[in-house]
Amino acid sequence: MNKNLTWKWGVIAGTLVFFVFGIFGIPKDWSGKGLLASVAERIHLGLDLRGGTHLILQVQVNDAVNVDSDNAIARLREDMRTHKITYVEITKPDPANHPETVVVKGVPPEQSSDFKNLVTDRLPDYSPSSGAENSWTVSMKSANLADLKNRAVTQAIETIRNRIDALGVSEPVIQEHGLGAYQILVQLPGVDDPARVKEIMQSTAMLEIKQSLGGPYSSEQSALQEHNGILPPDSVLMPGRSIGSTRENETGENWYLISRAAAVTGRDLRTAEASRDENGQPAVRFILTGDGGRKFYSFTSAHVGDNLAVVLDNKVQEVAVIKEAIRDTGIINGRFTEQQVQDLAMTLRSGALPAGIKYLEERTVGPSLGADSIKSGVNAAVFGMLAVLVFMLVYYRWAGVNADVALILNLVILLGFMGFFGAVLTLPGIAGVILTVGMGVDSNVLIFERIREELRNGKTPPSAVEQGFSHAWITIVDTHVTTIVSAAILFIFGTGPVKGFATTLVFGLLANLFTAVFVSRVIFDWVLSRKQRGEALSI
Amino acid sequence: MWNDLTLEAFCNLETVETWSSDLEFFRNTNIDFLGKKWYFLAFSLIFSVAGVLSMLFWHGIPLGVDFRGGTLVYVKYSHTPDVAAVHADIDRAGLRNARVQRYGPAGNNELLIQLDIQETSEQALDRGKTQIVQALEGRAGGNGDKKDLNNSSSKTLTEYLLEKDPLHLGTDANPRYTVIAQSIVDNRDKVKSGVLGSIDELNGVVDRAVVASLKDDFFASDFGIRNVEIVGPQVGQQLRKQAMLATLYSLAGMLVYLALRFEWIYGVAAVLTVFHDTLITVGAFSLLNREISLTVIAAILTLIGYSNNDTIVVFDRIRENIKLRRRERLADIVNKSINQTLSRTILTAGLTFLTVLALFLFGGEVLRGFSLALVIGIVIGTYSSIAIAAPILVAYQEWRTARGQKPIAMPVRTGTQPKEKVKA
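Order-wise, the sequence lines are chains V and B. Read in order, the letters of the first sequence are residues 1 to 539 in my numbering. Read in order, the letters of the second sequence are residues 1001 to 1424 in my numbering.
Please keep in mind that the hints were generated in silico from the structure rather than gathered at the bench. It cannot be assumed that every hint is accurate.
Coverage of chain V stretches by chain B, computed from C-beta distances (three or more under 8 angstroms per stretch; other residues unrestricted) [to be verified]:
{"#": "1", "region": "356-365"}
{"#": "2", "region": "375-386"}
{"#": "3", "region": "438-449"}
{"#": "4", "region": "470-478"}
{"#": "5", "region": "482-491"}
{"#": "6", "region": "494-504"}
Computed footprint of chain V on chain B; a stretch qualifies when at least three of its residues, placed anywhere within it, have a C-beta under 8 angstroms from a C-beta of chain V [what the hints assert, rightly or not]:
{"#": "7", "region": "1036-1048"}
{"#": "8", "region": "1229-1241"}
{"#": "9", "region": "1249-1260"}
{"#": "10", "region": "1306-1320"}
{"#": "11", "region": "1350-1356"}
Predicted, not measured: the structure shown is a model, and the values here were computed from it. Quick reminder that beta carbons are idealized off the backbone N, C-alpha and C, glycines included.
In isolation and in its complexed conformation, chain V is listed as follows (with noise of 0.2 angstroms):
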């Protein structure tokens, strides 16, 4: 053997125990289940696999602009009363789809570079352009818009990741999903009935402690008579219904007036628990922070005798009587079951989503599909692989053990990648290493026909060898190149199974272009050296 020859076989050894290290690490145990239980900790199984949930939800961005775009308006009015700029009225012209759009109508002439100053001054995520009839649109400048909204996927993501890892799901995936507007991607291994789940993810948990300045009113309609069709300044109608409650139980909704502005709001929680209230129901207990306490203190004790509502996700679940100043505990019952309040305590604790959420997709695989996949996926594999390495032997005799050598060297390159890169692999994903097998073989084809030419040509066995690999080469790496930059795009595009689809196909071809061209030819090229000269080549 030539010297040539032996660092090109010190080369394969190296990189087969390189591989080999990549599917199956250092095993803590040698036995058969040890060594399964490593290559499980490198290679994750997808969701259709091992069983789980797949969901697709959207953040509604709008709401979070819409919080943005109200406190914009109270910081208007109130600077504007300061600054004894007149208006006739300031709204949202279309708050469902243009939130950060507010329109000042009735500012007198003489006061518009009053009113300009103050916007671009006191509101500087906001552009004043004035229009018709001295009316102003104020609206927020689109960099901070996208900004504030991305800054809502983010946080939301965040939140989400908090209330998961606090169930305890194991291996959660929670990232943006690119491929939609403001998506994020959720996938939950192990859980196949995701409705509470759900829920808990959903549930803004958006908790505020207001004063209630009126109620409770069997209506909405009784409760705007009460006040003769006009609510005081800065206060809004509220519903009253506790999450907790069974519908029937109610005669109907309670409706209250509630001020707009919070005393407190969840930001201001330090801790939330399962508790009991004074009679002994599920109720939720909560401690605010330093600063919470401070505010809630001067809140209450200038309120003393006054109403005060705890609002959830714009519900109102109680109203009680400030009896005292109260520093800085709370409770929050309202009929709740012992689970609810678990849920509620945890929600709050793991803060609000910045926005409401919307689920887009939803796909759960049970693990009896999972198990029965595997089996399917494993049986085409072992069927399909056997065909190719029996066809081969038969067809190419010698040069088929070459073939077959390469293309098993070839498999253990492409667990190998997907061990270092921590892939999934999903079903198909097994497809994948089946075509890659299908297709691996080719360059194998490809060349040992073009030695077959050339021997038929009449040339030597080096000399066809020689020539086989280099005319074979070329076309090799334009057929790899086509498929592989469909599976890049593959890639680019689809989610989850498909997407371990497309990483073994890719995996594998780049892999076999090592394995077919580089090791088939060190394997040709040691078969040749032992060889007489004129000695018949098996192919």
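We have chain V already, so just place chain B on it with the hints.
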């Protein structure tokens, strides 16, 4: 049209001096492929037109739930399910437009229940599924008091066992009951394929006290939910657009790469060929009324890449032969090139076909559409690289000659062919 193929050429058993082999297909064939281009054209036209007609007037393009949105619930029964009765139950639950059909081989006892997009709003995405499960449980003897063991997760079971503590474990109860719950679920899902006939089947799997305790609050229905897919309208629309874009980008990618590596007309010929393959494959799905799911699109994208392989093999040889035989007619060169590469074209496609066939036969119901697309696509792709791609090249050249222009400058790029470097 294959009668030029003699048996001798098909299977040559003679041994050559410097080379020994028992088996060789397609040796020294000399088939006039270009002479048969009208047959090929007719064949392709029939299939494409049939497919297009089916897409337009018959089955349309049968989009899977991924693209059209809707609710799919796959239910496995412990016995042969009564489709009509199940349908009646679901109808009674208020889901008027549900479709109930058998899924997979009859022995699987599996049903697929589908709701269309009207009953799958994003406001309450899983409402349809919940209603279906309730209707099925009502039929299976569930009255709302007891939980269905066949549709309970291991977490539910663990919580239940912890509360009841049938083994009186005390302190280390949690890990023990977690293991017990998991073994119940594993027995159900992995040994019994997802459905337990009765709770008593668990005797021998877990302690009798556990079984007895489960019987207090659980019952065993005759079905298990295997798989649920709910796709809202927004995602469906989004995926349709993406699948379209991905296919177009793929085709464009091929065009650019082949135009760079060969001449632009080669790229055009290859892309037209692949488009032909895609059209016939999608047409076949329409004719068979098989749904096109995300994985079918994945298969089609793979085919766009793979169908080109055989075309490239032929083109490479044409390019090589053009350099060697400058005086011959392009048609002759193309014919010769196809014949020279015929055996590898058939072999490579045949081997890939073998693996795809294994996938189709053994890969299970989930991958059926995917593997069907590959089975059809590989056959069509191989055929078209011989019957469509090469004739396009020749037709283009004849068209140029007819207009009195010089034959196209066929690529005589050197450097891509390392032939010169090789010592013969």
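Q. Are three or more residues of the region 494-504 of chain V within 8 angstroms, CB to CB, of chain B?
A. Answer holds; 5 residues pass the 8 angstroms Cβ test.
(Q) So is the region 1249-1260 of chain B in contact with chain V by the C-beta rule, three or more residues under 8 angstroms, or is the coverage claim wrong? (A) holds (count 6)
Q) If you look at each residue in the region 356-365 of chain V, do at least three have a Cβ nearer than 8 angstroms to any Cβ of chain B? A) With 8 residues close enough to chain B, the hint holds.
(Q) So is the region 1306-1320 of chain B in contact with chain V by the C-beta rule, three or more residues under 8 angstroms, or is the coverage claim wrong? (A) Answer holds; 7 residues pass the 8 angstroms Cβ test.
**Q.** chain B over the region 482-491 of chain V, status - at least 3 residues with CB closer than 8 angstroms
**A.** holds (count 8)
Q: Check, residue by residue, whether the region 1229-1241 of chain B contains three or more positions whose beta-carbon lies closer than 8 angstroms to a beta-carbon of chain V, and give the verdict.
A: Per the Cβ count (7), the hint holds.
Q. Within the assertion that chain V covers the region 1036-1048 of chain B, do at least three residues meet a Cβ-to-Cβ distance smaller than 8 angstroms?
A. Since 0 is below three, the answer is violated.
Q | Coverage criterion applied to the region 470-478 of chain V (partner chain B; beta-carbon cut 8 angstroms; 3 residues) | A | Held - the region 470-478 of chain V has 6 residues with a Cβ nearer than 8 angstroms to chain B, which meets the minimum of three.
Q.
Taking 8 angstroms as the Cβ threshold, is the statement that the region 375-386 of chain V is covered by chain B upheld or broken by the three-residue rule?
A. With 9 residues in contact (Cβ-Cβ under 8 angstroms with chain B), the coverage given for the region 375-386 of chain V holds.
Q | Within 8 angstroms of chain V (C-beta), three or more residues of the region 1350-1356 of chain B | A | holds (count 6)
Q | Assertion that chain B covers the region 438-449 of chain V - criterion: three or more residues, beta-carbon distance below 8 angstroms | A | holds (count 7)
Hint 7 alone, counting from the list given before, is not met by this structure.
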